[in-house]
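**Student:** Sequence:
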Amino acid sequence: MLQTTLIDPCIKGTQNVLSSCTNASSVRRVVLTSSCSSIRYRNDVQQVSPLNESHWSDLEYCKHYNLWYAFAKTMAEKEAWKIAEKTGLDLVVVNPSYVVGPLLAPQPTSSLQLLLAVVKGLRGEYPNMTIGFVHIEDVVAAHILAMEESKASGRLICSNSVAHWSEIIDMLRAKYPSYSFEDRCSTNEGDNNPHSMDSSKIIKLGLPLMKTLDEMFDDCIKSFQDKGFL
Numbered sequence: 001m002l003q004t005t006l007i008d009p010c011i012k013g014t015q016n017v018l019s020s021c022t023n024a025s026s027v028r029r030v031v032l033t034s035s036c037s038s039i040r041y042r043n044d045v046q047q048v049s050p051l052n053e054s055h056w057s058d059l060e061y062c063k064h065y066n067l068w069y070a071f072a073k074t075m076a077e078k079e080a081w082k083i084a085e086k087t088g089l090d091l092v093v094v095n096p097s098y099v100v101g102p103l104l105a106p107q108p109t110s111s112l113q114l115l116l117a118v119v120k121g122l123r124g125e126y127p128n129m130t131i132g133f134v135h136i137e138d139v140v141a142a143h144i145l146a147m148e149e150s151k152a153s154g155r156l157i158c159s160n161s162v163a164h165w166s167e168i169i170d171m172l173r174a175k176y177p178s179y180s181f182e183d184r185c186s187t188n189e190g191d192n193n194p195h196s197m198d199s200s201k202i203i204k205l206g207l208p209l210m211k212t213l214d215e216m217f218d219d220c221i222k223s224f225q226d227k228g229f230l
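Each residue of the sequence shown is one higher than the one before, starting from 1 at the first, in the UniProt record's numbering.
In case anyone wonders, no lab produced these hints; they're calculated from the structure.
Mixed in with the good hints, there may be bad ones.
As the list claims (entries may be wrong) - Cross-link-like lysine-lysine pairs, in silico, DSSO-like; alpha carbons within 27 Å at most: (1) Lys-78 with Lys-201; (2) Lys-227 with Lys-175; (3) Lys-63 with Lys-12; (4) Lys-201 with Lys-151; (5) Lys-222 with Lys-120; (6) Lys-204 with Lys-78; (7) Lys-151 with Lys-82; (8) Lys-151 with Lys-78; (9) Lys-82 with Lys-12.
Use the sequences and the hints to build the structure in full.
**Tutor:** Below is the structure:
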């Protein structure tokens, strides 16, 4: 089921888009949105941190812990680089971490749906997850930079603070005590390894100072409130 609903669409979708780009003479560069999920899932993550663009998630690790989103994103990005190498396509990949901030669409993304459910106490538990977070505006700026800056190349990590979900909940509960936050942590393993991400490559390219955890989550909560989700 996961093969047909998640893994195949992720890989084949990437193949189809890049195939079309290689056949279009007007395309000078392709900027692909991947994820830090294709970087941070590995047994030695604490030893090799801070993680940089040379690191890749271990597919066997992903399979062992049923991290199928990370598995699919890793496979898709590796396929993209194979196509770029074979065809000579100018490919630049942006690897954002967990994207937070104001809603840009009428409905929350899957990432923000998770946050909303945790804030409202609808899940019964919060994820046992240590992950980097980044503001949506910084991710947008990273993509523009990847497209327009001639020196941009390869992979570009776009991630700010790394935190466990328990830290995020503590931070938000102190500011928004009226909400029914989850107070029990999931027992799932494999997604909770402490680590850090190195965003220096894209910062050196000219990405402005990224927004803090406080800023990105405050913007998100305000957006939820403005749109009637909270």
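**Student:** Next step is simple, just say for each hint if it's right about the structure.
**Tutor:** Consistency of the hints with the structure:
1. With a C-alpha separation of about 20 Å, the suggested pairing of Lys-78 with Lys-201 holds against the 27 Å cut-off.
2. A distance of roughly 19 Å separates the Cα atoms of Lys-227 and Lys-175; the hinted pair therefore holds under the 27 Å criterion.
3. A threshold of 27 Å between alpha carbons decides the hint, and for Lys-63 with Lys-12 the separation of about 20 Å falls inside it, so the pair holds.
4. Distance check on the hinted pair: Lys-201 and Lys-151 sit about 11 Å apart at the alpha-carbon level, within 27 Å; holds.
5. Distance check on the hinted pair: Lys-222 and Lys-120 sit about 14 Å apart at the alpha-carbon level, within 27 Å; holds.
6. Of the pairs offered as hints, the one joining Lys-204 and Lys-78 holds, with about 25 Å between alpha carbons and a cut-off of 27 Å not exceeded.
7. The straight-line distance between the Cα atoms of Lys-151 and Lys-82 is roughly 21 Å, inside the 27 Å bound, and the hint therefore holds.
8. For the hint linking Lys-151 to Lys-78, the alpha-carbon distance of about 22 Å falls within 27 Å, and the restraint holds.
9. Between Lys-82 and Lys-12, the direct Cα distance comes to roughly 13 Å. Compliance with the 27 Å bound is thereby established for this hinted pair.
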